[in-house]
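Using the hints provided, position chain B relative to the given structure of chain A.
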Amino acid sequence: MSEQPSIFDILGPIMIGPSSSHTAGASRIGYIARQLLNDKPVKAIVTLYNSFAKTHKGHGTDRAIVGGILGFGPDDVRIRNSFTIARAEGLKWEFRIVGGINKFHSNTARVHLTGNGGGTVEIAGASLGGGRIKIQEIEGFPVDFSAHTHTIVIIADDIPGSIKSISGAIAEKGMNIANMYVARNEKLANMVIEVDQAIDRETLKKIESFNWVKFARRVEPMADGSSRYDK
Amino acid sequence: MEFNLLSDIVDYCKREGKDMAQAMVDYEMRNKGLTSQQVYDDLKRVLLVMEDSVDQGLTQEVITPSGMLNNWAKKVYECKTETLGSSLKKATARAIAVGEVNACMGKIAAAPTAGSAGIMPAVLVTMMEEHNIPRQRILDALLVSSAVGLIFAKNSSFAGSEAGCMGETGSAAAMGAAAITYLLGGTEDRILEAVGFALKASMGLVCDPVAGLVEEPCTTRNAVGVANAFVSAQMALAGIKSLIPADEVIFATKEVGDLMSPRLKESGQGGLANTKTGREIQKQVFKAVRGDGST
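In the order they appear, the protein sequences are chains A and B.
Just add 893 to the spot in the first sequence (first one is 1) and you have this note's numbering.
Just add 1198 to the spot in the second sequence (first one is 1) and you have this note's numbering.
Chain A with its partners taken away, still in its complex shape:
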């Protein structure tokens, strides 16, 4: 039996209007980028594709994404004033508009963030409707995850035994790997690991301490007023 929808897929999400794709999903993409940056963002370059490119202004998608980058969840009323808050917090942002990219879902956003410490991260994600999203790219790697559960994203040299070392570090704390996706380019590997419990800092530090790991970050699911995301 496939996973059955929740009644809170019908009665929810609790969200900032006007449209689950344009605000709830959009803010989530921004929020995930911020978590992956793991620093206070000071600069954001957001590229909107396809339908998002055409419809973002009237729907407040721009405010929702900036709100997400500021760390606001999809039901956070501060999203409405996110531009003002971003200015106050020293976040500079820029929107770029690109239509007609067939390889992307109709509502796709690319978010490039620069942190206070100079670090950067770039992701692309699609807003699928009902506030659901799919992250399709991280740092140029194709990925496919929805961040509905605790997720670790790793980029590392593609060396033998890397998966074993990483899964070992996760298992050490008694965490259970639910799903693991691996992608490779010429010399690097990207892993997206979904686990059942919250990921502690120590485990993440341990993974980061392997000298072949370039990047290890966690994405925690966000509360949105419905039971699926915060239990």
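Keep in mind the hints are simulated off the structure, nothing from the lab.
Keeping only pairs whose Cα atoms sit at most 20 Å apart, straight-line, the calculated DMTMM-like set for lysine to aspartate or glutamate is:
id, chain 1, residue 1, chain 2, residue 2
1, B, 1230, A, 1113
2, B, 1230, A, 1089
3, B, 1230, A, 1087
Per label pair, the in silico range of CB-to-CB distance:
id, chain 1, residue 1, chain 2, residue 2, range
4, B, 1285, A, 1113, 41 to 47 Å
5, A, 947, B, 1199, 37 to 43 Å
6, B, 1484, A, 1021, 24 to 30 Å
A virtual CB, placed ideally from N, CA and C, is assigned to each residue, including glycine.
Showing chain B alone in chain A's frame:
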């Protein structure tokens, strides 16, 4: 635990000696590993957001950035002329209130979508006031409405881009009709009749938002959806039978949605969006909405 048809849920109720609200608590508990208390706590949060969104639209200044909606809910609520008494007038105002709050980037509970978020709050707040129904029963009515939404989502679609407004305000009206029928003591069979009536009245309703925004005609269609819910429940409670069973009506909405031109499904290219005035409004709106706000 899996329900694929409304009749599956009715069968479950009859087999287990439970009502539709209890059936949905069982469904959520078993599939999501929650306790009954957790399910009800989440329902309470949904209801609170619904009530708040009604209050905000009736008390705060709500003018959308496009200028298309301008404190309409308050205008209706305070209107001295009542077509059918104050209840229908207030229910109408409440649905518009949530639509306005949604369009102004306020907080709402999608039920089932953001564009149709006005119908369930208007129905429930009005039922609480008119029939003095305790909150716990209202939570059960939310569960009953979720049953309708669940089956509609499986066999048709909530997406305006797939099923037009039929999928949004149509399904919400059916959820509302089920809730009202349940709250006034209707059996499972009667609840399904109400669903059938509400969906039949929404059959083929297009999604043609002016300037692509969730404002015109979405907001007033929410208000009419509330009337649909009350009228449908009234017929069902009187014992009139929907000659086409609710599950078959849902399949028909899927067929009709598939047959509808993409121009009439959320694209902003047909219907009201494509009228002379609709196009003019679109031009003005996109001139008025300011740039990206970057520094």
